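Undergrad: Residues per chain are reported as follows:
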Amino acid sequence: DVKVTQSSRYLVKRTGEKVFLECVQDMDHENMFWYRQDPGLGLRLIYFSYDVKMKEKGDIPEGYSVSREKKERFSLILESASTNQTSMYLCASRSPGGYQETQYFGPGTRLLVL
Amino acid sequence: GIQVEQSPPDLILQEGANSTLRCNFSDSVNNLQWFHQNPWGQLINLFYIPSGTKQNGRLSATTVATERYSLLYISSSQTTDSGVYFCAVSRPRGGGSNYKLTFGKGTLLTVNP
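In order, the protein sequences belong to chains A and B.
According to our numbering, the first sequence holds residues 1 to 114 in order.
According to our numbering, the second sequence holds residues 1001 to 1113 in order.
Hints should not be assumed to be uniformly reliable.
As the list claims (entries may be wrong) - List of simulated lysine to aspartate or glutamate pairs, EDC-like, C-alpha gap at most 20 Å: (1) Lys70/A x Asp38/A; (2) Lys3/A x Glu30/A; (3) Lys3/A x Glu22/A; (4) Lys71/A x Glu101/A; (5) Lys1105/B x Asp59/A; (6) Lys55/A x Glu17/A; (7) Lys1100/B x Glu17/A; (8) Lys1054/B x Glu1067/B; (9) Lys55/A x Asp38/A; (10) Lys1100/B x Glu62/A; (11) Lys1100/B x Asp1/A; (12) Lys1105/B x Glu72/A; (13) Lys1105/B x Glu22/A; (14) Lys70/A x Glu22/A; (15) Lys1100/B x Asp1010/B; (16) Lys1054/B x Glu1015/B; (17) Lys1105/B x Asp1027/B; (18) Lys1054/B x Asp1010/B; (19) Lys57/A x Glu22/A; (20) Lys55/A x Glu30/A; (21) Lys55/A x Asp1/A; (22) Lys1100/B x Glu56/A; (23) Lys1100/B x Glu79/A; (24) Lys13/A x Asp38/A; (25) Lys1054/B x Glu101/A; (26) Lys53/A x Glu17/A; (27) Lys1100/B x Asp28/A; (28) Lys3/A x Asp59/A; (29) Lys1105/B x Glu1015/B; (30) Lys3/A x Glu62/A; (31) Lys1100/B x Asp1027/B; (32) Lys1105/B x Glu30/A; (33) Lys55/A x Glu72/A.
Claimed, not checked - Computed list of chain A residues with no C-beta within reach of chain B, every gap over 10 Å: (34) Arg14; (35) Lys53; (36) Lys70; (37) Leu78; (38) Gln103.
Source of the hints: derived by calculation from the structure; they are not laboratory data.
Remember, it's a predicted structure, so these values are computed and weren't measured experimentally.
Heads up, the beta-carbon is just placed ideally off N, CA and C, and yes, glycines get one too.
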């Protein structure tokens, strides 16, 4: 089974802190994604990476950056956390396309910025 | 960008009932997936169904791409079916971006015993 793990389930940070969220997948997938989920808004794509050191902005990249130094690991960075970044953050990796394409999600990190 | 609308936003059922969830999208797609998010937040892929019909146990899905909608059927619902059901799509386009999924806002399903 594909496993996607995230470094924390719950995180509390203060405004202005630098925050690192880490995601690791064990299936050698090339594509990985970071989403945020807010009530009433569904999932919105922040950034994705289609290979090591390759990244592309999603729909809401402002205030975030990412790092993909190794294939299995994709990190989301909040350079200076703000209260409007309080949210649920979900990481996913994508199996290759074709007959049965699937995105596999991690358990999520609930981030509270005070 | 492409718009994805799901209905109904909320649904409450008694155990054993059947239900149909709908996903409408505003443009042609080459990728459509249904996901279930359980009450603890874990998202699981249910179907990859850009067109046609698939079945998996009590769940089935149909996508009519020419009419830009997809339906998810849940039969003989169980309390473990509770959670949020998301539809997500992507449009055909070149380069490395043709697998960016756009999610609908979801349908919150509550199945009571």
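Undergrad: The structure should be examined with respect to each hint, and the outcome stated for every one.
TA: Here is what the structure says about each hint:
For the given pair, Lys70/A sits about 29 Å from Asp38/A by alpha-carbon distance, which is inconsistent with the 20 Å threshold. As the CA atoms of Lys3/A and Glu30/A are separated by approximately 14 Å, the hinted pair is consistent with the 20 Å bound. A hinted pair counts as satisfied when its Cα atoms are at most 20 Å apart, and Lys3/A with Glu22/A qualifies at roughly 14 Å. Restraint check for Lys71/A and Glu101/A: the C-alpha separation of about 19 Å stays at or below 20 Å, so the hint holds.
Between Lys1105/B and Asp59/A the CA atoms are separated by roughly 15 Å; this keeps the pair inside 20 Å, and the hint holds. Restraint check: the Cα-Cα separation between Lys55/A and Glu17/A comes to about 24 Å, which exceeds 20 Å; the hinted pair is violated. With a C-alpha separation of about 29 Å, the suggested pairing of Lys1100/B with Glu17/A is violated against the 20 Å cut-off. The straight-line distance between the Cα atoms of Lys1054/B and Glu1067/B is roughly 18 Å, inside the 20 Å bound, and the hint therefore holds.
For a cut-off of 20 Å, the pair hint linking Lys55/A to Asp38/A is broken: about 23 Å separates their Cα positions. As the CA atoms of Lys1100/B and Glu62/A are separated by approximately 18 Å, the hinted pair is consistent with the 20 Å bound. This hinted pair does not check out: Lys1100/B and Asp1/A have alpha carbons roughly 23 Å apart, beyond 20 Å. With a CA separation close to 29 Å, the supplied pair Lys1105/B and Glu72/A exceeds the 20 Å bound.
Between Lys1105/B and Glu22/A, the direct Cα distance comes to roughly 25 Å. Violation of the 20 Å bound is thereby established for this hinted pair. Taking the CA atoms of Lys70/A and Glu22/A, the gap is near 12 Å; set against the 20 Å cutoff, the hint holds. With a C-alpha separation of about 26 Å, the suggested pairing of Lys1100/B with Asp1010/B is violated against the 20 Å cut-off. A distance of roughly 23 Å separates the Cα atoms of Lys1054/B and Glu1015/B; the hinted pair therefore is violated under the 20 Å criterion.
The hinted pair formed by Lys1105/B and Asp1027/B meets the criterion: a straight-line CA distance of about 17 Å does not exceed 20 Å. Simply put, Lys1054/B and Asp1010/B have alpha-carbon atoms about 24 Å apart, too far for the 20 Å limit, and the pair is violated. With a CA separation close to 18 Å, the supplied pair Lys57/A and Glu22/A stays within the 20 Å bound. For a cut-off of 20 Å, the pair hint linking Lys55/A to Glu30/A stands: about 11 Å separates their Cα positions.
Taking the CA atoms of Lys55/A and Asp1/A, the gap is near 26 Å; set against the 20 Å cutoff, the hint is violated. Simply put, Lys1100/B and Glu56/A have alpha-carbon atoms about 10 Å apart, close enough for the 20 Å limit, and the pair holds. Straight-line distance between C-alpha atoms of Lys1100/B and Glu79/A comes to about 24 Å, which puts the hinted pair past the 20 Å bound. Simply put, Lys13/A and Asp38/A have alpha-carbon atoms about 18 Å apart, close enough for the 20 Å limit, and the pair holds.
Taken as a hint, the Lys1054/B and Glu101/A pair is honoured in the structure, with Cα atoms around 14 Å apart against an allowance of 20 Å. For the suggested pair Lys53/A and Glu17/A, the alpha carbons sit about 25 Å apart, so the restraint of at most 20 Å is broken. Using a Cα cut-off of 20 Å, the hinted pair Lys1100/B and Asp28/A holds, with the two alpha carbons roughly 19 Å apart. At most 20 Å may separate the alpha-carbon atoms for a hinted pair to count; Lys3/A and Asp59/A exceed this at roughly 26 Å.
For the hint linking Lys1105/B to Glu1015/B, the alpha-carbon distance of about 24 Å lies beyond 20 Å, and the restraint is violated. Between the alpha carbons of Lys3/A and Glu62/A the distance comes to roughly 28 Å, so the proposed pair goes past 20 Å and is violated. With a CA separation close to 15 Å, the supplied pair Lys1100/B and Asp1027/B stays within the 20 Å bound. Distance hint between Lys1105/B and Glu30/A is unfulfilled; the C-alpha atoms sit about 27 Å from each other, more than 20 Å.
Simply put, Lys55/A and Glu72/A have alpha-carbon atoms about 14 Å apart, close enough for the 20 Å limit, and the pair holds. No beta-carbon of chain B is positioned within 10 Å of the beta-carbon of Arg14/A; the least distance is around 24 Å. Against chain B, the non-interface label of Lys53/A holds: every CB pair exceeds 10 Å, the least being about 13 Å. No Cβ of chain B comes within 10 Å of the Cβ of Lys70/A; the nearest lies about 19 Å off, and the non-interface call holds.
At the 10 Å boundary, the C-beta of Leu78/A stays outside the reach of chain B, the nearest C-beta of that chain being 19 Å off. Not every C-beta of chain B lies more than 10 Å from that of Gln103/A, the closest at about 6 Å, which undercuts listing it as non-interface.
Hint compliance for this structure: hints 1, 6, 7, 9, 11, 12, 13, 15, 16, 18, 21, 23, 26, 28, 29, 30, 32, 38 are broken, all remaining hints hold.
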